[in-house]
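*Asks:* Once you've looked at the hints, dock chain P against the given chain V.
These protein sequence lines are chains V and P, in that order. 79 is the number that this note's numbering gives to position 79 of the first sequence; each next residue is one higher, with no gaps. 387 is the number that this note's numbering gives to position 99 of the second sequence; each next residue is one higher, with no gaps.
Check each hint, because a few of them may be wrong.
Quick list of in silico lysine-lysine cross-link-like pairs, BS3-like style, CA-CA up to 30 Å [said to hold, decoys possible]:
#	chain 1	residue 1	chain 2	residue 2
1	V	K18	P	K447
2	V	K119	V	K18
3	V	K47	P	K550
4	V	K47	P	K447
5	V	K116	P	K486
6	P	K345	P	K550
Cβ-Cβ distance ranges computed for the label pairs, FRET-style [said to hold, decoys possible]:
#	chain 1	residue 1	chain 2	residue 2	range
7	P	S451	V	R17	36 to 44 Å
8	P	G530	V	V201	54 to 62 Å
9	V	P167	P	D507	53 to 61 Å
10	V	V201	P	H542	49 to 57 Å
11	V	K47	P	G364	34 to 42 Å
12	V	R29	P	G530	38 to 46 Å
13	V	L21	P	A552	56 to 64 Å
14	P	E434	V	L66	42 to 50 Å
15	P	V430	V	R32	27 to 35 Å
16	P	R431	V	K47	39 to 47 Å
17	V	L202	P	K550	27 to 35 Å
18	V	A171	P	D507	53 to 61 Å
19	V	R29	P	S311	27 to 35 Å
To be clear, the hints were calculated from the coordinates, so they are not data collected in a lab. Glycine residues also receive a C-beta, built at the ideal position from the N, C-alpha and C atoms.
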Amino acid sequence: MDMTQERPPSYRTSSARKGILSLVPEAAREIRGRRRLIRYLSQAELKKKGTDTFFGNVWWVLDPLLQMAVYVLLVTVIFARSQPAYPLFIFAAILPWKWFTTITTDSIASVSGQDKLIKQLQFPKIVLPAATMITGVTEFAFGLIPLGGMLLLMYPDRIHITLLWIPVIAAVQFTFSFGFGLILAGLNVFFRDVGNLARHVLRLWFYLSPALYGEDTVLSLGKSHPTIEHVMMLNPFYAILNSYRNVVYYGTPPDFVGLGIVMGGSLVLLVFATVIFKRLEPAFAKIL
Amino acid sequence: MDRQVSGVSRYAVDVQGLGVRYSLRLTKKNTLRNSIRNTLATFGRKGDKDRAFWALKDVNFRMVRGESLAVIGPNGAGKSTLLQALAGIITPSEGSIEVQGHVSSLLMLGAGFDQELTGRDNITLVGAFMGIPHREMDERAVRMIEFADIGQFIDAPVKTYSSGMRARLGFAIATNVDPDVLLLDEVLATGDQVFREKSMARVHELARAAKAIVLVTHDMNWVSEFCNRAMLIEEGRIVAEGQPAEVVRLHQAHAEATRARKLAEAAALLGTSVDAAIGVGAGSVPAGLPTSGRSPKR
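Next up, chain V with everything else stripped away, as it sits in the complex (with noise of 0.2 Å):
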């Protein structure tokens, strides 16, 4: 049978109950399988984002800049506290963060929100969290255009070859949000507590990544909290923001041996959420 057809002529359902090891395959040649509807779900996403707004999917440039200036307000007025070029330095961490925080939560909504067509129709339901992350993808993308203006403009002498990392940083952080994401999705269907939940996980968890301050303030954070250091240090985010920022604002390599280990983690992390979500999935159109 061609595994990348599209849809099965006919099929054979039972209470038969597949391997786990045959699970991580089976959802790999549905994503490849459904490449076109992932990408059609995540274009109705994008339109249905621009549609209620004046101002359309200019906010996808708008957002993260205003963003971006409400923390530089807030750490460089009330807390005075002074960075060079402190705008950069945030924003460096801010995009990612962004793109993070908005997946996360899209993606915890991604199956439960589709429970109408869930109870009518067959079809792999891991497309759903799928075309989520291809939305973020694409989000981050134009994010990336206001970092563009923002050096040419702003700071043409922080422009760097070391820009060119950004793929390859936001490849390690893709494989972990997709891990997440997905364990999320699936669990959201069965507790709603996921998302009310998600959302102080998140904040706290932004406050304990390296985004307002930079990796010295936890280095001297350390001396007097240990264990708030090794919780920093524990966090993957630790090494995804640094390495942007070391791209971005310092004109330095990656911290490459960071972002392997977190590769490696989020790997892991991919097969255990891809195995716990397809375990889920016969149970959605009966729960939801």
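*Replies:* Chain P alone, transformed into the frame defined by chain V:
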């Protein structure tokens, strides 16, 4: 496998020993708190039998091409669950289902549309969900739009549609994807007279094209008019199967008996609860409420 090992099965639909179980513990909209409490409550108890509900049990039937089967029965008998299982939307808890060919399963027509997208966009999306190749879908879309006949609305968001328009578009999609097996749930009741006649003609056409059709309906006229076979389901089991006229007669007899029993029960209940209310002096309990249904433990 004892039959048809090498070749394709003769049957368009082959259902063997189908059972679908719902776990009542999970089906309720759940929160973590409830779930932990339930898990603790059932911990140590053997199995979870009292919290499971068999929507379908021991269902066996086969269909050949050209057959149109009406599935009738009272509300909650498992008719829609059967369609969902045939469409592959829910997996059997027991037994197996084998379907030859493509299934079209817009069960509750139009309910799955994306409200924010236009009718045209929804057609494209549904086509992709069904896995119909892009070029093929472009051709079909023209026919679907023509059949739905909703004019300018095809380029307006579905949220602006009337329920009739939504059903028309749904029916147009479901019947124009060239299904080998068509599953329809209560669809022919929607729409105005003109569209009903048009959809009737379409169902006839599909039946003539030797497709297998499974139709769930409460309209008994449809059963005898459209289907060459009928199946009565009660409480998740097949009670009768065969000639539409006979099965309909049996269903009506059962419905009549049930109604008589319900009436008698209601009368009895009304009498006792009025007595109870007077006896205890609890004026807050309205007469006729099934107070006996409440668990005394809580």
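*Asks:* Run through the hints listed earlier and report the numbers of any the structure violates, in increasing order.
*Replies:* 1, 3, 16, 17
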